[in-house]
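Participant: Listed below are the residues making up each chain.
Protein chains: 2
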Amino acid sequence: MKALLLVAHGSRRKQSNDEVDTLAKKLKNNCGEQYGIVNSAFLELAEVLIPDGIEQCITEGASSIVILPYFLNSGRHVVEDIPSIINSCAVQHPNINISLAPHLGASDLMMDLLISSAVNA
Amino acid sequence: MKALLLVAHGSRRKQSNDEVDTLAKKLKNNCGEQYGIVNSAFLELAEVLIPDGIEQCITEGASSIVILPYFLNSGRHVVEDIPSIINSCAVQHPNINISLAPHLGASDLMMDLLISSAVNA
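These protein sequence lines are chains B and P, in that order. Sequential numbering of the first sequence, starting at 0, is according to numbering that gives the first Met the number 0. Sequential numbering of the second sequence, starting at 0, is according to numbering that gives the first Met the number 0.
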């Protein structure tokens, strides 16, 4: 079974983290054919952290896990921190295919979204 | 003249900040009819900071400035820090209409973008 793990930065503000959990639930409703599991995890400041999120996917029966970084820019978190954590987890689970997708901001659709927000501001 | 100021968090990684500046330039090409000025600024870690970005818009002739937070979640930066900075700047410029648009993650299009990224991951 294929799992998607949506990874956000994490905030001290609970409502911000709840938004991410809600997005993951909505994603599950829209990508259920491709992903039998869709969960969320956080880099820092909030539970569950990425390694625990990966463990949770495996516990739920994932044989492969796609990590989707919910980040806008290719900052240090996206380029260094998240890959480093994923690599450590992958070493611990050699039988699970753990892959890292491009961060959200790399999407070709981002410019359309930005234009829409600017025009409607 | 109306200005749009795209405000991102800012990163220690120059390339990440350059992405934001590039987005602002592309936005200018797409929203030029609505905004005579489109600039970028950062909350922290990178130049120009928000107050300087606002000053820059005014120097370029802005009579009104829309601040568009390039953030995904309604964390502390979006809910507290950016509004606080904008309010301070507004007090200093009572003749300039400075308004704060919803953060990017609040867009209805975000779910479509997320689904697209997940399906293509």
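None of these hints come from the bench; they were simulated from the model. Glycine residues also receive a C-beta, built at the ideal position from the N, C-alpha and C atoms. Be a bit skeptical, because a hint or two may be false.
[Unchecked claim] Derived lysine to aspartate or glutamate pairs resembling DMTMM-like cross-links, with alpha carbons at most 20 angstroms apart:
hint	chain 1	residue 1	chain 2	residue 2
1	B	Lys24	P	Asp111
2	B	Lys25	P	Asp107
3	P	Lys27	B	Asp107
4	B	Lys13	P	Asp111
[Claimed, not checked] Here are a few chain B residues that face chain P, going by a calculated C-beta distance under 8 angstroms:
hint	residue
5	Arg11
6	Ser15
7	Gly31
8	Asn72
9	Gly74
10	Ser106
11	Leu113
Participant: Would you settle whether the hint for Leu113 (chain B) is holds or violated, based on the nearest Cβ-Cβ distance to chain P being less than 8 angstroms?
Facilitator: holds, 6 angstroms
Participant: Does Lys25 (chain B) pair with Asp107 (chain P) here, judged by a C-alpha cut-off of 20 angstroms?
Facilitator: holds, 13 angstroms
Participant: Taking 20 angstroms as the top limit, are the C-alpha atoms of Lys13 (chain B) and Asp111 (chain P) close enough?
Facilitator: Violated: Lys13 (chain B) and Asp111 (chain P) sit about 24 angstroms apart, past 20 angstroms.
Participant: Would you mind confirming whether the straight-line C-alpha gap from Lys27 (chain P) to Asp107 (chain B) stays at or under 20 angstroms?
Facilitator: holds, 17 angstroms
Participant: Hint Arg11 (chain B) vs chain P: min CB-CB distance below 8 angstroms?
Facilitator: holds, 6 angstroms
Participant: Given Ser15 (chain B) was flagged as interface, is its beta-carbon under 8 angstroms from a beta-carbon of chain P?
Facilitator: holds, 4 angstroms
Participant: Would the stated hint for Ser106 (chain B) survive a check requiring a Cβ distance to chain P of less than 8 angstroms?
Facilitator: For Ser106 (chain B), the interface hint holds, since the closest Cβ of chain P sits about 5 angstroms away, which is under 8 angstroms.
Participant: Go through the hint on Asn72 (chain B) and say holds or violated, using the shortest Cβ distance to chain P against 8 angstroms.
Facilitator: holds, 4 angstroms
Participant: Interface hint check: Gly74 (chain B), Cβ to nearest Cβ on chain P, cutoff 8 angstroms. Holds or violated?
Facilitator: holds, 4 angstroms
Participant: Are Gly31 (chain B) and chain P close enough, Cβ to Cβ, to be under 8 angstroms, as the hint says?
Facilitator: violated, 11 angstroms
Participant: Are the Cα atoms of Lys24 (chain B) and Asp111 (chain P) separated by 20 angstroms or less?
Facilitator: The given pair, whose Cα atoms are some 14 angstroms apart, holds under the 20 angstroms limit.
Going down the numbered hints, you'll see the structure goes against 4 and 7, while the others check out.
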